[in-house]
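A.B. asks: Line order of the protein sequences matches chains A and B.
For the first sequence, full-length UniProt numbering begins at 1 and goes up steadily by one.
For the second sequence, full-length UniProt numbering begins at 1 and goes up steadily by one.
One thing to keep in mind: the hints can contain errors.
Stated by the list, open to error - Derived DSSO-like pairs: lysine-lysine, alpha-carbon spacing no greater than 30 Å straight-line:
| id | chain 1 | residue 1 | chain 2 | residue 2 |
| --- | --- | --- | --- | --- |
| 1 | A | Lys227 | B | Lys672 |
| 2 | A | Lys213 | B | Lys173 |
| 3 | B | Lys709 | A | Lys336 |
| 4 | B | Lys667 | A | Lys336 |
| 5 | A | Lys82 | B | Lys709 |
| 6 | B | Lys446 | B | Lys433 |
| 7 | A | Lys211 | B | Lys173 |
| 8 | A | Lys336 | B | Lys672 |
| 9 | B | Lys667 | A | Lys227 |
| 10 | A | Lys227 | B | Lys709 |
Worth flagging that the hints you see were computed from the coordinates, not collected in a lab.
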Amino acid sequence: MRPILLSGHERALTQVKYNPDGDIIFSVSKDHVVCAWYSHNGERLGTYHGHQGALWTVDVDPTSTLLATGGADNTMRLWEVKTGRLLKTWDFPTSIKRVEFSADGRQLLGVTERRSGHTGSIVVYEINPDVDAPQSDEHVLRIICEDSKATVAGFSYLAQYIIAGHEDGSVSQYDAKSGELLYNTQVHEADMQITDLQWAPDRTYFITASKDKSAKILAADSLEVFKTYQTDTPLNSAAITPVKDYVILGGGQAAMDVTTTSARQGKFEARFWHKIFAEEIGRVRGHFGPLNYVAVHPQGTGYCSGGEDGYVRVHHFDKPYFDFMYEVEREQAQAKAQASL
Amino acid sequence: MATAYENLPMEDDEFDESQVDFTDIEEQYQVRLDEGLDAFVVVDGLPVVPEDSKGKLVKFILRKLNTVGRVKDDGVHMPVGEDGKTEGYAFVEYNAPSEAIAAAKQLHLTALDKKHTMLVNKLTDIDRYGREGRIEEEYTPPQIEPFQQNEHLRSWLGDPEGRDQMVMFRGEKVGVFWNNKEDAPEPVVDRENWTESFVQWSPQGTFLCSIHAQGVQLWGGKQWNRQKRFAHPGVNLVDFSPGENYFTTWSHRPLQVDENHPVPTLSLEEDGKNYIIWDIATGKPLRSFATLDVPTSTDAEGNPVKKKMQWPTFKWSADDKYVARMTQGQSISVYELPRMNLLDKTSVKIEGVMDFEWAPATPKRDGVKTYEQLFCYWTPELGSNPAKVGLMSIPSKEIVRTRNLFNVSDAKLHWQSEAAYVCVKVDRHSKSKKSMATNLEIFRVKEKGVPVEVVDSIKDTVINFAWEPKGNRFVLITTGEIPAQSAVPPKTAVSFFAPEKIKGGGVGNFRHIRTADKKNSNAIYWSPKGRFVVVATLQSQQSFDLDFWDLSFEKPKDDAEKGEKELHANLQLMATADHYGVSDIEWDPSGRYVATVASAFRHHMENGYHLYDFKGTLLREEAIDRFKQLIWRPRPATLLSKEEQAEIRKNLRNYSKAFDEQDTAKKNTADKAVIESRRRLLEEWNAWRESMRLMLEEEGAEIELNDGKVLRDVDGEVEEIEEIVEEIIEESEEVIS
Numbered sequence: 001m002r003p004i005l006l007s008g009h010e011r012a013l014t015q016v017k018y019n020p021d022g023d024i025i026f027s028v029s030k031d032h033v034v035c036a037w038y039s040h041n042g043e044r045l046g047t048y049h050g051h052q053g054a055l056w057t058v059d060v061d062p063t064s065t066l067l068a069t070g071g072a073d074n075t076m077r078l079w080e081v082k083t084g085r086l087l088k089t090w091d092f093p094t095s096i097k098r099v100e101f102s103a104d105g106r107q108l109l110g111v112t113e114r115r116s117g118h119t120g121s122i123v124v125y126e127i128n129p130d131v132d133a134p135q136s137d138e139h140v141l142r143i144i145c146e147d148s149k150a151t152v153a154g155f156s157y158l159a160q161y162i163i164a165g166h167e168d169g170s171v172s173q174y175d176a177k178s179g180e181l182l183y184n185t186q187v188h189e190a191d192m193q194i195t196d197l198q199w200a201p202d203r204t205y206f207i208t209a210s211k212d213k214s215a216k217i218l219a220a221d222s223l224e225v226f227k228t229y230q231t232d233t234p235l236n237s238a239a240i241t242p243v244k245d246y247v248i249l250g251g252g253q254a255a256m257d258v259t260t261t262s263a264r265q266g267k268f269e270a271r272f273w274h275k276i277f278a279e280e281i282g283r284v285r286g287h288f289g290p291l292n293y294v295a296v297h298p299q300g301t302g303y304c305s306g307g308e309d310g311y312v313r314v315h316h317f318d319k320p321y322f323d324f325m326y327e328v329e330r331e332q333a334q335a336k337a338q339a340s341l
Numbered sequence: 001m002a003t004a005y006e007n008l009p010m011e012d013d014e015f016d017e018s019q020v021d022f023t024d025i026e027e028q029y030q031v032r033l034d035e036g037l038d039a040f041v042v043v044d045g046l047p048v049v050p051e052d053s054k055g056k057l058v059k060f061i062l063r064k065l066n067t068v069g070r071v072k073d074d075g076v077h078m079p080v081g082e083d084g085k086t087e088g089y090a091f092v093e094y095n096a097p098s099e100a101i102a103a104a105k106q107l108h109l110t111a112l113d114k115k116h117t118m119l120v121n122k123l124t125d126i127d128r129y130g131r132e133g134r135i136e137e138e139y140t141p142p143q144i145e146p147f148q149q150n151e152h153l154r155s156w157l158g159d160p161e162g163r164d165q166m167v168m169f170r171g172e173k174v175g176v177f178w179n180n181k182e183d184a185p186e187p188v189v190d191r192e193n194w195t196e197s198f199v200q201w202s203p204q205g206t207f208l209c210s211i212h213a214q215g216v217q218l219w220g221g222k223q224w225n226r227q228k229r230f231a232h233p234g235v236n237l238v239d240f241s242p243g244e245n246y247f248t249t250w251s252h253r254p255l256q257v258d259e260n261h262p263v264p265t266l267s268l269e270e271d272g273k274n275y276i277i278w279d280i281a282t283g284k285p286l287r288s289f290a291t292l293d294v295p296t297s298t299d300a301e302g303n304p305v306k307k308k309m310q311w312p313t314f315k316w317s318a319d320d321k322y323v324a325r326m327t328q329g330q331s332i333s334v335y336e337l338p339r340m341n342l343l344d345k346t347s348v349k350i351e352g353v354m355d356f357e358w359a360p361a362t363p364k365r366d367g368v369k370t371y372e373q374l375f376c377y378w379t380p381e382l383g384s385n386p387a388k389v390g391l392m393s394i395p396s397k398e399i400v401r402t403r404n405l406f407n408v409s410d411a412k413l414h415w416q417s418e419a420a421y422v423c424v425k426v427d428r429h430s431k432s433k434k435s436m437a438t439n440l441e442i443f444r445v446k447e448k449g450v451p452v453e454v455v456d457s458i459k460d461t462v463i464n465f466a467w468e469p470k471g472n473r474f475v476l477i478t479t480g481e482i483p484a485q486s487a488v489p490p491k492t493a494v495s496f497f498a499p500e501k502i503k504g505g506g507v508g509n510f511r512h513i514r515t516a517d518k519k520n521s522n523a524i525y526w527s528p529k530g531r532f533v534v535v536a537t538l539q540s541q542q543s544f545d546l547d548f549w550d551l552s553f554e555k556p557k558d559d560a561e562k563g564e565k566e567l568h569a570n571l572q573l574m575a576t577a578d579h580y581g582v583s584d585i586e587w588d589p590s591g592r593y594v595a596t597v598a599s600a601f602r603h604h605m606e607n608g609y610h611l612y613d614f615k616g617t618l619l620r621e622e623a624i625d626r627f628k629q630l631i632w633r634p635r636p637a638t639l640l641s642k643e644e645q646a647e648i649r650k651n652l653r654n655y656s657k658a659f660d661e662q663d664t665a666k667k668n669t670a671d672k673a674v675i676e677s678r679r680r681l682l683e684e685w686n687a688w689r690e691s692m693r694l695m696l697e698e699e700g701a702e703i704e705l706n707d708g709k710v711l712r713d714v715d716g717e718v719e720e721i722e723e724i725v726e727e728i729i730e731e732s733e734e735v736i737s
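The shape of chain B in the complex, shown without the other chains (with noise of 0.2 Å):
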């Protein structure tokens, strides 16, 4: 019988749906409508009073409910019990559902009285957590994890040679790698796709900082594990805390963060901003910003010029206290670290602010035994008032010192690092706006009453300004005027300035030592040390030379010239070199060695890195294919007293000495292996040869043997051509009569 479709089986109808039990898909898929209750919020543990005076407790909360927002009119629904009395609760309805959720954030837990606190939740909430079953009765204390011994995060320091490590970004490999002078650097770890834009040491050194779409990731210990991670979409660019205790991160694109994309630790209130400051022990974020809208300026001929973003934006004080913000031109905000409120409040308002510097170290000044932190800022000229550079002290918010300025086309502020000067690098133009010079004006911090010194107004245009670490000396580069349409950019000359030796050992006025002219350079890298500077030609087209200068060079005492005493230095040129497509110049933490790098960032000609001592020798060269970054892992500060530190410096001698012997004893080992294997290719190679050999003569290959020159009759009888070639050395005509 063919199978018909009348005749095939009915479908089972006996399946009731009913039967069978959804409850778990659709707690699952359950879905919050917009139930119109979001506005509501539930207030609870207020007094319980008779029905007569529950008007005036609606009137008393009212007015602490209103402070976040507007509650409808009969908005305050207060039930009262059988008893007559109120319950001891009541709903309140605002205007709008974010009303209720700030309610809620701001006004949970405020004291009425002394017995009384209020509670404030959202009704949606309680409706979510407060129904049965959602939260166990029973209380369970929650379990405590054993403890656990982390890896110490600064094992690289007791590296018993004292070798510093980078971190190296190549093609898609991030590598750390311990510093081996001349030979290949060790790996320490080496990782693919480690990160997905760039890696950052933090300020110490103890974290690997990697970016990628979701957020940033902190590594580090023995073993480079994840030892935090922070969620922040699209982030962009990062920022540490001088002291690793907080950072900064950033995305251009404001943050989304809604029931629909859930950020693990971000909340709503993150939503919308672009910064989020986070405290690294935790792993939570402290607070969240805005990008503030950068007053759009007009050029001369009316087209809006495009303002480059501040990186940081946010400012670390340098003892991790204070991170303020600039609004330009009106003021700068002053934030209270660990808990991001607002010092005192308000922002300090400095009209036409356009730029600010935190000291980089605790200043101490003459005569002040008080807590405080300084930042420098400047305004320039507002009308009839003239521009300003000031010295302000925190918490205090009291100007330590101002200077009046006139002219002003520019200003930059330069910190020495240990907040002992100050050095504004003012730009002026004549009054007729044509030509322009630069004034250094040099605020001497630690003195009393903070005098302020000019240094001679210099004619170039300075592009570039560097103090000495932890010294008092400093480099300048300055160029001419840019020709118009030139294609070669104008020549540089580089300055060298170091104060005068007055009696009494203190430091007198800033004198120019020397200035090196038609140079093309245009970056300055001092030694973290001091003492070393390397005078670079960075982003150029057609030069790359470094040029490495000591400031303190101890010349043989006959050579010494008179006059020479008066100054804290002595300059010479130790060496100069030569990098091809460099683009980034990194000394290493303890100023021994600087590497150079052609970074695939910015070309792609010639990628890698050189490394040279302070002393300009060149100790390796390496190309790498999309070789991107190399960054030396920083040091933190070092705990030996400045007694031991001397001690040290005193007995130089006699630790060089050990470590010489330490480096000819690594030398001889090493060099023996590598000859070692050179012995043993040569001899693997000679004796394949000769094995060919015997095999060829076996063959009877005798052209092969002969080195492929073919055995001619004629081989024995040498044609000798015999060339003479006359050469006319001189001639002379005589006329002989």
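Chain A on its own, in the form it takes in the complex (with noise of 0.2 Å):
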């Protein structure tokens, strides 16, 4: 199928969301205004007002009741996702990096930048499901990151641990009920930002993205690294498809590097990637700026990129996507069948 172009924003993507249930995608943007959309058409369903500065990132709880969103305005705020209203804003001394709600929407944290005098840290709230509830302005947690600020954070499974990657391509491990570091571990190379982290549906494993050129799969509690995706370009996203076992990748050279203007040698294309075998399966062009955020259908049946270039392209998986298998899958596809029978 083709894909959809989203053409709302004015001004470079920063991250693109499903909701659970796949209909609806979130996006936000450099040009404070976070935009909702109707996955199948790309139809916009509307827009939430209020951050006075560029937005960083976003999330929606797993009843697709709220939203949490996190910018340059050192602000993170919590809407309704139906209304669009603002139900709460959380301040802080510098801007909100990332927002994400632990599995079952009870907990959400956000992970603040560090600058001038404000070391960078990762915040946790408890959440009322309830809209009309209020919301409490304490955080119950505060992990201070002393070493090197995190860039990224996520909550485990049973939210048991929070992960963080790290401006210095280091990975920890906290544990989300004390905040007390129980691990850390240079995953990608020295002093190569970790610009993205996103989970396996079940959360027990996870996929990083780094400057580096690489991604990695990494185990929620051991922490080992299981795979490794090395591209030829710098990457700002990665993305763990369910369904079909693959990964996709996005990134490209960053727009302060890019000295032409041939979108080719940019490399601004999704790279699909085995999630087991390692090897590169496919790309998709289109974007003609780095790819800043990409993000799968839970249901694994498309997926969405918005880039550097202020689009967000939706793509529906075709036929093929779901019929191509390697040779040891198809025998074990056969093999499974076969033993149903």
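Please assemble the complex out of the two chains, which come individually in their own frames, going by the hints.
C.D. replies: Written out as structure tokens, the structure is:
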């Protein structure tokens, strides 16, 4: 199917997210506006106004009732998805780089930037799922990142750990109850920022993307690196696809480094790799700036990407995508089919 | 008691310098003062004559001595012994030290008569080496190293699969690899910092040549050991003779060799020189040359035109017997190897000569039985004399053929690989000098009297021309006038030519086969075995296309059109490909594969290489950061006779069957290994996933087990929304009256 081009933003996209049902896409951009779109036809459902600066991040709770956003106006905000009503604003001394709900939607974390005297930190709030109930002002947990600031973070399965990716290319595991640092490991090349961290559906493993041109799959409990996907361009985002065992990587030469106008040289493509065999399968072109984020439909029927070029491209997978199998996969599928007979 | 200065123990004054033996240090740091003796030589081995005849003898030797310089007035001192006879030697003072050096070099060991041979040495040398103890009195025979078996330098030719090797230079690493078609090349050797600027094969593939600030090194053999080292500080370029016997090194900086800057194997003679011609077997320089000043011409506005240096400057004849250099506009100097003496002690004067090229193979002219090498040259119009193209035979220096040409702007000389033809591409301007046209003058070297055929003048400018190797067809690329200040280069046209068929199997006139126009192509790469040719667009910002042509395509019989039979060609475009950023194209020596390279020497976009087979199927592509060079290892000429080669060609079908079997067998085992490893990966992954699932179940993680979807009461009650879309397909209005 032809991709749908969502051209409602005026500046570079920073994050795009599907809701758990996969029928709505939320996008945030440097133009201060949050947009909600129907994923099947690209029609705009609505916008959320209020932020006073560039937006960095968005997340939606598992029931699609609450929306969290964070941006350069040093606020993290909570919205009602249905009406666009602003429910809560948390103020911080620095901007919010990443927000994420826990799997049950009862906790929300925010990653704060490090700037002039303020260390980077990860804050956690209790969330009341009732839209009309007041939300707490006080965080239940605050993790200070002294060595290297966190750039991305998320909750593991059962909100047991908080996993954070750092500016120096390392990944940390914190106890989500006490905030204690359990483990820190240098996963990516030193001083190569981790740009994205996305979870597998069951949150037992996750994928990191880094400026060191590689993406890696790690186990949430042991932080063991299972797979490495080495590309030829700095990566901004990586996503794990359900249904098929693929990962989608997005990136491209950073805008400030692009010296020529050739889209070809920038490598602004979404790259599909086989998750288990770590082999590149295909690429999707279209953006004319680096891909800042790629998100996969929770049912695995499509993906969308937000680019530095200000567009969101929504792709629906065609039949060949689902039919494609490696020989050993086919063998296994056949064995399974036989066993179930 | 406090230790005051006065109370300190006195220094031990009994130390006596004169007791120390400094001779070893003195010897080591001995400074060679300019003793003023540098202009002196000692002449020994002279006849012993009575004092009366001394004047005569002095006069006699002066005649010899003055051939290399000026001996000072009264500069000959010949001591007379007690018996009134000379002692058989003399001290001679020249005007300058350089003349003394020349005398020692050139006059040493010249025969005076049957009995006497003159020995000429520098006085300083005699002082240095002749002093007592400097040279051992007793003769000790030199130690002869026991013979060591060296590695076979051509072992790579014995590959059971007949694969070819290539060298790849990427980043700082240089590696030699076996070509494995679609699979990753198999490394033979891979070294960091093997070269400082680039690598090069010798023309028959025996040596890999690495370039360093200090000089050039040759590597080879199975272990890739260093075979030879040639010191040439600041070397820029290297050029081998076709037989790998000699090579030339060049540096833009003149060499500095003197006693303060000693360079191994180089002597004072090399001082100030740019070129060195080396003997590869001995590792010694044969002769060195300085760069000639190219006469600076001026363009229409009187600005000096910067001339590109011609490389190779020293051009080798096909059999390594001669090497020649042109002094532009004046002469060509032909040197004989291995002595490197000027042939007949004089350069060949050719007034106005602009360019010359040796025949790439030893020519076999009809009716000529004596040994000869040929070169072709051209001269522009000089005054009222027309421009000329000539063929000269060496060593006789006889002009075999000349041809006069008019209105010549430029000419290029293209030899066919077997020296059967030489095509002179003549760019001609009209009388008004406004429009340009190109003529091809083809000299049929092998035919009696060297007839010249002129291919109809081509309206556009020919920008590239190439003969089929070992064949008689050629391809050329033309382009229209370049519009001034246009960013887009003009379109080009690719034309193919072949000779007509004539009775008796000879080669008829060259005829145009076809032209492919509206192209961007600018480069022609023939397969080294002929027949196939790749026409490509290089050094372009916009297009990177590669066209794979076959000139002897076998059509099904009934398809053959009439008229095609007249030509020795049947043209077919087999495939086109596109390699972004392609900068170099390399055919492997067997003509089976083509490698296209996007080199970091040219640009930094998508560096790497593509590998195609001869018919243009992409076998492999690899992007490598800072990829610089890929060069196939050349092969020496085959040892099989013509008959044996024909035999193989006849039985090609049988061979190919065996090869196909080999290929499938190899592929199957390789596939099996890959599949095995994938199966293992999949099993490991599934096992881990299962363990995770069990862990989540144990922990009671419902949401996670439901792939992150929260179970809600409402989940059962799915609300169905019916959407009715009405579309008006057609609307028509009718007025009912």
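A.B. asks: Could you work out which earlier hints the structure fails to respect and list their numbers in ascending sequence?
C.D. replies: 6
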